[in-house]
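Enquirer: Spelled out, the chains give:
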Amino acid sequence: MEWLISISIGVMTAAGVFLTLRARTFPVVLGLTLLAYAVNVFLFTMGRLNSGLPAVINDVQTQYADPLPQALVLTAIVIAFGMTAFLIVLALKARSELGNDHVDGIHLANDEESLDQLVPPKKATQSAGGER
Amino acid sequence: MLLETFMPVLLPLISGILVLLARSGGIGLQRVVSLTAVVALILVNLNAMQIAIQLPPQVYALGNWVAPFGIVMVLDKLSATLVLVTSLLAIAALWYAVRQKIDAQGSHFHVLFHIQLFGLNGAFMTGDVFNLFVFFEVLLLASYGLLLHGGGRLKTRAGLHYVALNLVGSTLFLFAVGALYGILGTLNLADMAVKISTLSPADQGVVASAGLMLLLVFGIKAAMFPLYLWLPQAYANTSAPVAALFAIMTKVGLYAIIRIHGTLFGEQAGDLAYIHIPWVLWLGLITLFMAALGAVASRNLREQVAYLVLASVATLLIGIGINNIEAMSATIFYLIHSTLIAGAMFLLADWIRQGRGEAQDEFISAHAMPNAILVGSIFMVAAIAMTGLPPLSGFMGKLLILSSALTHPQFFWILGVVLVSGLLMIIAMARSGSLLFYNVLPEEKCHTIDGKDVCQTPKTLPLNGAASVIGLLSVAIILVVFAKPFHEFTSSAAAQVFDRNLYQQQVLQVQPIANPLKELVE
Numbered sequence: 001m002e003w004l005i006s007i008s009i010g011v012m013t014a015a016g017v018f019l020t021l022r023a024r025t026f027p028v029v030l031g032l033t034l035l036a037y038a039v040n041v042f043l044f045t046m047g048r049l050n051s052g053l054p055a056v057i058n059d060v061q062t063q064y065a066d067p068l069p070q071a072l073v074l075t076a077i078v079i080a081f082g083m084t085a086f087l088i089v090l091a092l093k094a095r096s097e098l099g100n101d102h103v104d105g106i107h108l109a110n111d112e113e114s115l116d117q118l119v120p121p122k123k124a125t126q127s128a129g130g131e132r
Numbered sequence: 001m002l003l004e005t006f007m008p009v010l011l012p013l014i015s016g017i018l019v020l021l022a023r024s025g026g027i028g029l030q031r032v033v034s035l036t037a038v039v040a041l042i043l044v045n046l047n048a049m050q051i052a053i054q055l056p057p058q059v060y061a062l063g064n065w066v067a068p069f070g071i072v073m074v075l076d077k078l079s080a081t082l083v084l085v086t087s088l089l090a091i092a093a094l095w096y097a098v099r100q101k102i103d104a105q106g107s108h109f110h111v112l113f114h115i116q117l118f119g120l121n122g123a124f125m126t127g128d129v130f131n132l133f134v135f136f137e138v139l140l141l142a143s144y145g146l147l148l149h150g151g152g153r154l155k156t157r158a159g160l161h162y163v164a165l166n167l168v169g170s171t172l173f174l175f176a177v178g179a180l181y182g183i184l185g186t187l188n189l190a191d192m193a194v195k196i197s198t199l200s201p202a203d204q205g206v207v208a209s210a211g212l213m214l215l216l217v218f219g220i221k222a223a224m225f226p227l228y229l230w231l232p233q234a235y236a237n238t239s240a241p242v243a244a245l246f247a248i249m250t251k252v253g254l255y256a257i258i259r260i261h262g263t264l265f266g267e268q269a270g271d272l273a274y275i276h277i278p279w280v281l282w283l284g285l286i287t288l289f290m291a292a293l294g295a296v297a298s299r300n301l302r303e304q305v306a307y308l309v310l311a312s313v314a315t316l317l318i319g320i321g322i323n324n325i326e327a328m329s330a331t332i333f334y335l336i337h338s339t340l341i342a343g344a345m346f347l348l349a350d351w352i353r354q355g356r357g358e359a360q361d362e363f364i365s366a367h368a369m370p371n372a373i374l375v376g377s378i379f380m381v382a383a384i385a386m387t388g389l390p391p392l393s394g395f396m397g398k399l400l401i402l403s404s405a406l407t408h409p410q411f412f413w414i415l416g417v418v419l420v421s422g423l424l425m426i427i428a429m430a431r432s433g434s435l436l437f438y439n440v441l442p443e444e445k446c447h448t449i450d451g452k453d454v455c456q457t458p459k460t461l462p463l464n465g466a467a468s469v470i471g472l473l474s475v476a477i478i479l480v481v482f483a484k485p486f487h488e489f490t491s492s493a494a495a496q497v498f499d500r501n502l503y504q505q506q507v508l509q510v511q512p513i514a515n516p517l518k519e520l521v522e
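Protein sequence lines, in the order shown, are assigned to chains A and B. In terms of the numbering used here, the first sequence has 53 at position 53, counting the first letter as 1, and numbering is strictly consecutive. In terms of the numbering used here, the second sequence has 15 at position 15, counting the first letter as 1, and numbering is strictly consecutive.
Next up, chain A with everything else stripped away, as it sits in the complex:
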C-alpha cells in the first residue's frame, strides 16, 4: 500500500508541476488543483497507513489511528477548494479583460497598443483610479 500511495502522490505532483508551468490559465488551474490533491493525500499518510484501528485511545486499545492528519486534510481541502474557486473566477476575469487566456496577457512586446484595439476603451476610462 505504501508503494501505491507514494507513487500516486508522486505522479499527481509531477503532473501538477507540469501543468502549472503551462502558459494558459486553464491548465495552470488544473495543475494547482492536482498539486492540492497530492498534498492532501500526502498529509493523510503522515498519520501512518493502517486500517481497522479506532481513532480514540482507551485502556484496551494500545494502537490507534492518528485523527489529527484527518483534521488537517479537512482544513486543507476547504482552503484549497476556496482558493481554486477564486482562481477560476480570476482567470475568467483575466480572459475577458486581457482578451486572451495567456497567463501574461497578450504576448507582444507592445501589448499596450495592441490592447487598445482589442479591448473596448470603456474599460480604461471606468477604472481611472489605480490604472497606470
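Any given hint could turn out to be false.
These stretches of chain A come out as covered by chain B in the derived footprint (C-beta under 8 Å, 3 or more residues) [said to hold, decoys possible]:
1. 18-30
2. 59-72
3. 75-82
4. 85-93
5. 96-104
These are computed hints drawn from the structure, not numbers from a lab. Note that the coordinates shown come from a computational prediction; the quantities given were computed from them, not determined experimentally. Glycine included, each C-beta is placed from N, C-alpha and C at the ideal position.
Knowing the structure of chain A, use the given hints to seat chain B on it.
Expert: Coordinates of chain B only, in the frame set by chain A:
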C-alpha cells in the same frame, strides 16, 4: 493567560463582521465603523505591548486546550511590535483610502481590510505551525481581494501571477508541515523544538528538507531571491493604500523565518542548528543587489518604490542571516522603520501620479505639477529616509545592522553589498526626484505620450490624506530622536527571540483555566 493577549487577533475579526453588517448603512457608516475599529485596535495593541514589555511571553490557549494539544497564541515583544506596527500602518492606509475615496471604487474594501488585519495579526501571534498556515491563507485571500480592488487590466494580470504563485506556496507549506508532523508528531512550535533536540540521526534529513522547504515558502512571502519577481508588478499596479498596507505583507515572511526557523533550528537542534542561516544571508545579499538594480532600472515611481521595499526586505534578511543578538535588534529596528516609511512612500507616489496628469508617475518629462515645492520637499524627506541617509532612521537602522556585521566572517561581502546597493538606490532616487520635479516642460508646449497630445496637468492637486503621509514620515524622525529607548527595547526583544528556553517553558507549562462550573458538568 489573559484575554488581552488574544485581543489583537480577535478584534479585527469582530470589526470585519461589523463592517460587513454596516454595509446597509452605506459607505459613510462603514467608514466610521472601520476607522473606529482600527483606532480601537491600536489601543488594544498598545495595551498588548505594555503586557509584553512587563511580563515574559504570554500564552493564550484557545478553547482552554493547553499546549501541545491545542492551538496557542503567544504574545512576546517581537509579536507585540509587529501587531502594533501593522495597526499604525493600517490607520494611515485606511485614512488615505477614505480621504481619497479609493474605498468607494469597489465593494467590500473595508471588510477585506479588516480580514487582512485579522490574518496578519493571527500570523504574528500564533504558536502553532498549521495555524500559521491557516492565518496565511486568511491574509492571502483578503489580499487577493484588496489587490484587485478598483479593477483594471494591469491589476488583473499582476493579480493572476500573485494568486497562482501563492497557491504554489501554500501547497509547499502543506508538504513541509506534513513532513514535519510525520516525523515529530506535533504541530506546536515549542514542542517541535523540543522534539527536534532529541531527534534520531535517521530522521534529521527529512526534518532538514522540510525546514528548508518552509524557508522556500516564507521566501515567496518575503520576496527573497529568486522568488521576488511577483512583487514589483503587484505592488506597482495596485491602489496606493493597498500597496501601503502590503508593505507589512513581506514582513510576515520575515517574521515567520525569525519565529519558525529561529525556534526550530536554534542551538538546541544539534546537527540541524542554524541550517537556514547561510541561505538567508546569501540570498538576502543577492536580493539586495538585484533590488538596487531594479530600482535604477524602474520606469515609473511606483515600480521603483516596490523595488525599494524589496531592498528593505533584503536588508532585513541579511540582518537575520548575521545571526546574533545585536543584528536581530538592528533588524527589528529597521523593520519598524522600513515598513512605515515604505507605506508613506506608496501614498506619496500616488499624490505625484495624480498631480502629473497623463504622464502619471512615469519617469518622463511633464509639466510642473501643482504644489510641486511642497510635494517635492516631502519626497526628499521620504527619499532620505528610504535610502538610509543621515539624519533619519534609515541610516540608524543600516548603521546598526552593519556594525553588528563587523565581527561576522563574511563581513567584507555584507558591507560591500549593502553599501554599493545603498549608493545605487541613492542614485536612483536622486534621478527620479530630479526627473519628476526639476525636468519639467514649458507651460505652452505639448508633448506626446502613447500617441496622445498632453498639454497640461491638473490645475490643483488636493493633498487629501496628508495626515497619513506626514504621520508615517514623522516615524523616521521619532525613531531617531528617541533612538536610545527604541534601541534598548529592540535589544530586549532580540534577546527574547534568542532565549528559546524561556519561550518553550512559557508555552509548554501553561495551565488551563480552572472551570468554576466543573462540578455541575460532572
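Enquirer: Tell me whether the statement that chain B covers the stretch 85-93 of chain A is true, taking a Cβ distance below 8 Å and needing three residues at minimum.
Expert: holds (count 5)
Enquirer: So is the stretch 96-104 of chain A in contact with chain B by the C-beta rule, three or more residues under 8 Å, or is the coverage claim wrong?
Expert: holds (count 4)
Enquirer: Are at least 3 residues of the stretch 59-72 of chain A within less than 8 Å of chain B when you compare beta carbons?
Expert: As far as the stretch 59-72 of chain A goes, the hint holds, because 3 residues have Cβ atoms under 8 Å from chain B.
Enquirer: Do at least three Cβ atoms from the stretch 75-82 of chain A come closer than 8 Å to Cβ atoms of chain B?
Expert: holds (count 5)
Enquirer: Please verify the coverage claim for the stretch 18-30 of chain A: does it have three or more residues whose C-beta sits within 8 Å of some C-beta in chain B?
Expert: Answer holds; 3 residues pass the 8 Å Cβ test.
In the structure shown, no violation is registered for any of the earlier numbered hints.
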